[in-house]
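Visitor: The listed protein sequences correspond, in order, to chains A and B.
Taking the working numbering, the leading residue of the first sequence gets 14, the next gets one more, and so forth.
Taking the working numbering, the leading residue of the second sequence gets 14, the next gets one more, and so forth.
Calculated from the structure, these hints are not laboratory results.
Honestly, I wouldn't trust all of these hints.
One copy or two, either will do: identical chains are not told apart, so a pair holds if it fits within one copy or between any two.
Unchecked claim - Simulated pairs of lysine-lysine, DSSO-like, Cα-Cα distance not exceeding 27 Å:
#1 K77 / K52
#2 K20 / K293
#3 K267 / K139
#4 K168 / K347
#5 K76 / K357
#6 K173 / K139
#7 K139 / K52
All values reported here derive from a predicted model rather than from experimental measurement.
Residue-level listing of the chains:
Protein chains: 2
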Amino acid sequence: MAEILEKELHRLERMERSVKGFLNLNPIQRGGILTPEAKKAVEEWADGYSICDFCDGVLESIKKPPIDEFVHKTLPKFIESDEVRLTHGAREAKFMVMHAVCKPDSTIVVDSNAHYSTHVAAERNKLHIVEVENNSYPEYRVDVGRYADKIEEVKEKTGKLPSLALITFPDGNYGNLPDVKRVASICSEYDVPLLVNAAYAIGRMPVSLRDIGADFVVGSGHKSMASSGPIGILGVMGDLSDSVFRKSREYRNKEVEMLGCGPRGLPLITLMASFPTVYKRVQRWGVEVENARFFIEKMEGIDGIRQLGIKPTEHDLNFLETNVFYEISKKHKKGRFFLYRELKKRNIIGVKPGLTRNFKLSTYGFNKDELKKIIDAFKEIAMLK
Amino acid sequence: MAEILEKELHRLERMERSVKGFLNLNPIQRGGILTPEAKKAVEEWADGYSICDFCDGVLESIKKPPIDEFVHKTLPKFIESDEVRLTHGAREAKFMVMHAVCKPDSTIVVDSNAHYSTHVAAERNKLHIVEVENNSYPEYRVDVGRYADKIEEVKEKTGKLPSLALITFPDGNYGNLPDVKRVASICSEYDVPLLVNAAYAIGRMPVSLRDIGADFVVGSGHKSMASSGPIGILGVMGDLSDSVFRKSREYRNKEVEMLGCGPRGLPLITLMASFPTVYKRVQRWGVEVENARFFIEKMEGIDGIRQLGIKPTEHDLNFLETNVFYEISKKHKKGRFFLYRELKKRNIIGVKPGLTRNFKLSTYGFNKDELKKIIDAFKEIAMLK
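This is chain A alone, in the form it adopts within the complex:
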């Protein structure tokens, strides 16, 4: 052990979260804000492996706290899947599915709005990717009918069907909600398993894997289920669960893809403690969409601001083209950082420092007064022109 200086240790003491009390527009932050119930649970369960106090060898079979019921009964009802497993996050769930069902060097078909972690998970599994295009600017709508062409293309080129198809619902840039049922129906026809990345859907809006007709769905606790990171869930239908949930040859109660046990700790406690609230908020999704539309309408009332992606928006996550701010940045003494600073002055954060031309944001969980405050701030800043 080499010596570590006092000042270095000192920087780890009293780490404060400087954005407390700010209105945070960052889409990755809106759905993960803890409920008061989860905050209370955090105090109780913060110690290391506390969740394993009464474990008999399998995390998801623990009765106290009630993980067994939560994983095997409550969550399967919530997302209407045959089975659910806990993961370290949506990306880890995607990796797990690919690892279990796709042979290395096989090809998967993915929408072109997929999250970068879909690509990295595929690369880690040594898979090739064929993309289903979107219709580009300004809508970026994925042409879901093209899944059939791409499956045919892979079959022709490699002599084999794709080992998996994946669709992002919604994507993390435009908040576009593709017609996922149609993708599922195409994939069923070809007998290609389909994974739905619902990291921005599960916990915000109702999602039913059964209704969609896909084989896998992944969700994110820290993104959309009012949980501390990192935690995710994986829903699986039917026969494919055999390969994803296969048991170790040597350790008969341990699942191989889970490495025995997955998220053995505090994030799971927050996922559980927040769940009653999450269950209820999903039923009020319509209000969130209304709020997002109200917000977009007012923002588009500012000259030089336009929503990209499918219109009218169907999701709280939206992408704005903001030429007005780009124009200001060219002359402002703070340059392209002016927008970040001007927003911060008004207690608003979440637009990435340096962006002025376009950016994404989320209105999830804001009430009308907060939305109005945010709209007014943008209006004021636009007047700097």
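Go by the hints and put chain B onto chain A.
Guide: Only chain B this time, still in chain A's reference frame:
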């Protein structure tokens, strides 16, 4: 979304940790108890992705909170390695190393005291395992010199050197600390990379990867670094970091084995906030070993109790053979559950319900008064005979 009953939701409310205030002998619990500093930090940083407030695309490069310095400067000094990465736990770090450096169907050499998750991580990577034996009852000492024979054996049988060797330091049953430097020197001679599983060492006792001479070391935050689960660290030396830390072809700032970013959340905050205390407690490791020896001496003073594993013990985790309790269980009206109940009556938990013949426990972090209280409890219970 199917309907979820009120009573089912209700069970997720006010989940209380019933073992509060108990003396907990469970080895997986002793080293993960949060420091007051970490408890404070948890309140501040519990929201979902809060750690990513000021992220530029790579978790481990975040400056606020000071993750960048912690991962790239502080931790490499702490475990004396060239590089450190954060993982979801020790098992995930083992999987990551195997995935990066071992081809499927290759063979690895592992000590026979290895944790089950080493086997499951190897199975997930489709690796074969050849074990280096221990000398069995009562010492279970791994015969480290046999690493050479086993490497030769693999070479002869498969035509190739093992793709990796692994040693558990200490193991999680007996707390045996094998001569890991000798293993490293053997592995260097054959040019076989060596991974040291130090989940029960890093954060408890000083560990230097450089001094050991191995290539990889993994540690566990929730097991031994006063952190909320799940979190671990991976230390890497020299050239092998190229394969483990390789960047995505498409996303040049994302590491493939990390799936972009690893433990993006609250457990990392606790690891950092507890670190100043952990750094200091490691320097008092001698006191912990003294306490463990004191405890074992007193326990062996009870007729029918004996420590297994290497003696005198060199670690807080120890394995006891307790024939006295087995004898009592045969006649006691609660049968084999009597010991768990008798201990619980005395505010002591952590011995698995139903065990009487032998069990493991840890004395980590207990003061002398607490140790005496525990010893007295066992003495009293032994008198039931």
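Visitor: So, for every hint listed, does it hold in this structure?
Guide: Quick rundown of the hints versus the structure:
no.: 1; hint: K77 / K52; in the structure: both (19 Å within a copy, 22 Å between copies)
no.: 2; hint: K20 / K293; in the structure: between (47 Å within a copy, 14 Å between copies)
no.: 3; hint: K267 / K139; in the structure: both (25 Å within a copy, 16 Å between copies)
no.: 4; hint: K168 / K347; in the structure: neither (53 Å within a copy, 64 Å between copies)
no.: 5; hint: K76 / K357; in the structure: between (46 Å within a copy, 19 Å between copies)
no.: 6; hint: K173 / K139; in the structure: both (16 Å within a copy, 23 Å between copies)
no.: 7; hint: K139 / K52; in the structure: neither (40 Å within a copy, 41 Å between copies)
Going down the numbered hints, you'll see the structure goes against 4, 7, while the others check out.
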